[in-house]
Amino acid sequence: MSLLTVQNLKMHFPVRGGVFYTTKAKCKAVDGVSFDLKPGETLGLVGESGCGKSTVAKSVVRLLKPTAGSIQFNGHDISTKSQGQLRELRRELQMVFQDPAESLNPRHTIGQILEEPFIIQKMGTRAERSEWAAELLKRVGLPADAVHKYPFEFSGGQRQRIGIARALALKPKLIVCDEPVSALDVSVQAQVLNLLLELQRDFGLAYLFIAHDLSVVQHMSDRVAVMYLGKIVEMAPAAELYQNPRHAYTKALLDAIPVADPTKHRERQLLRGDVPSPINPPAGCAFGHRMKHPKWEESTKMDLSLKEVSPGHFVQACPCCVDL
Amino acid sequence: MSEPILQVENLITGFDTDAGRVVAVDGVSFSVPKGKTVGIVGESGCGKSVTAFSITRLLPQPHGKILGGRILFENRDLTAISPEEMRQVRGNDISMIFQEPMTALNPVQTIGKQLCEAVFLHEPEIEPREALARSLDMLNKVRIPAAEQRLNEYPHQLSGGMRQRVMIAMALINTPKLLIADEPTTALDVTVQAQILELIRDMQQDLGMSVILITHDLGVIAETCDEVIVMYAGRIVERGPVREIFAKPLHPYTQGLIKCLPKLDHPPKTPLPVIPGMVPSLADMPKGCRFAPRCPNAHSDDVLSQRQPWKDCGQGHGVEACACFASQLSAS
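Chains as they are written, first to last, in our numbering: chain A, 1 to 324; chain B, 1 to 332.
Hints are computed from structural coordinates only; laboratory data are not their basis. Ideal placement from N, C-alpha and C gives every residue a C-beta, glycine not left out. Careful: at least some of the hints might be erroneous.
[As the list claims (entries may be wrong)] Going by beta-carbon spacing under 7 Å, a handful of chain A positions derived as facing chain B:
| # | residue |
| --- | --- |
| 1 | Ala183 |
| 2 | Ser187 |
| 3 | Ala190 |
| 4 | Pro237 |
| 5 | Ala238 |
| 6 | Ile257 |
| 7 | Pro258 |
| 8 | Pro262 |
Work the whole structure out from these sequences, hints included.
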């Protein structure tokens with residue numbers, strides 16, 4: 001039984017303009033994304049900026065109301081719930097944001113920040129809540145006297161720990177982590193990644209883990225989905241995806257990672273051009289279009305849904321990007 | 001080894017703040033050989049950008065000051081020349097590219113105008129048509145598609161990768177001898193990063209210039225640099241040829257930095273080695289080994305209070321030989 005099932009999720013934003021501020025075009029940020037997530041599992045989501053990975057994250061916690069598609073969480077379809085009904089579901093569904101400096105209220109003490117989830121959910125007495133906040137701080141490795149301090153008194157890594165503590169407060173089943181370590185230095189990044197792994201082991205958390213750093217995603221994830229221009233182009237168990245990528249885009253992404261080993265100099269196939277705009281995206285295979293692949297014409301007439309090529313390994317079977 | 005184009009000797013740079021003077025770069029010495037790429041790596045606040053801004057004399061005024069040391073560029077001390085002379089050096093001989101191309105480009109001027117401005121500043125007599133031709137040529141060199149059309153466009157019409165290419169074109173238009181790139185790819189996607197790094201490498205070979213590449217990404221260092229300088233809390237803790245540094249890092253900080261990166265061959269979902277704690281505050285820095293409070297090696301309090309000696313280990317590989325591991329150095 002999966003904890004989260006996303007089916008054919010679409011998130012289109014209207015692009016307005018002109019004299020009457022009418023909708024001129026649609027920005028198809030997410031265009032038909034499906035995946036599922038089991039309890040205690042981590043699904044990594046990678047792709048270049050603008051591919052729609054953060055929009056998926058925001059839709060899953062319903063910070064955005066999807067245009068179409070369903071999001072089943074724990075047996076409830078959250079894509080249609082009202083704000084009141086969502087409040088209850090959000091106990092089990094939390095998010096950690098990229099920039100901890102911007103996602104913590106600068107005028108609240110850490111104690112207030114950590115007690116707020118309990119107040120919103122009307123849980124506990126005042127004494128109980130402050131006890132819980134102290135426990136949370138201990139759990140993420142911060143000193144107990146932090147409750148009286150303000151966010152600016154902490155370093156980036158410590159603020160991210162506070163963000164994680166807040167997400168943990170209501171004992172959720174799923175935490176959506178949107179680029180949780182990309183604002184941090186490498187030595188601190190390793191500390192935060194280790195903390196996330198430890199919490200997952202202790203509480204059986206599931207993560208939807210979004211990052212642009214492919215080695216970080218590989219380290220954290222059980223399965224990885226690669227997004228390109230609003231669609232998942234490949235999804236596979238982490239080891240399988242990194243050892244045996246099938247889609248040309250996945251190969252290009254993996255090839256672009258700089259390797260911290262000067263003895264391994266390699267000639268790489270550089271990807272030309274930039275990610276095209278999701279406003280009026282090309283028909284057919286978007287990556288084939290960017291690469292000006294001779295078979296791109298062919299792909300516009302095909303069904304480009306994901307196909308299972310080996311157990312658990314799905315790929316968008318288009319003639320330009322995959323040798324089947 | 002070829003002769004150095006730039007020599008930095010015992011550079012000390014500080015900032016005057018309300019709480020007194022803080023020293024951000026404390027006695028940094030290194031040299032950049034002609035035609036080579038030197039990488040400076042370190043975490044935020046280690047002084048790598050301040051070092052770069054000291055070399056180009058672009059420190060925030062009036063708070064930033066070079067307090068000591070010399071910066072010799074082709075045997076001329078850049079700390080001693082007038083601002084007017086420095087302006088001639090900047091752009092002509094030394095150019096810089098910055099991390100965020102959107103903030104470094106003027107949003108209300110076309111790309112063409114900004115490129116031509118760089119030409120005019122250094123060659124006031126040049127024909128406008130000639131300046132424009134040179135700008136177009138440069139945009140083609142940095143592989144901007146439809147370059148002619150781009151000359152009339154504004155920065156917001158370009159993607160991040162394109163903007164960074166424009167920055168590079170602007171920096172190279174007067175064929176400088178030294179390019180300082182301060183985190184040139186940090187704001188970019190990996191695929192675009194690979195393109196930009198390749199571009200810098202190619203331009204370096206074409207123009208025979210030297211490059212100082214500042215980054216926090218060891219992967220970028222490994223792929224592009226000939227030599228590496230590792231900075232921690234305002235000081236150089238280790239430097240050497242790139243292969244040496246990665247094959248046998250000597251300083252515990254360098255070792256920690258290399259180990260704590262998630263690697264594709266590291267078993268997934270297992271704890272990564274970490275450097276515990278965090279960088280000490282600039283206002284409250286130990287006098288001696290600044291890494292000691294986070295160092296995994298056992299050490300005495302002397303290490304904290306006394307500046308540790310620099311030790312040369314041959315082949316250009318040197319390290320701040322803190323007493324906690326210096327004994328192992330002589331043994332090996």
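Hint by hint, which ones does the structure fall short of?
-> Violated hints (numbers, rising): 1, 4; every other hint is consistent with the structure.
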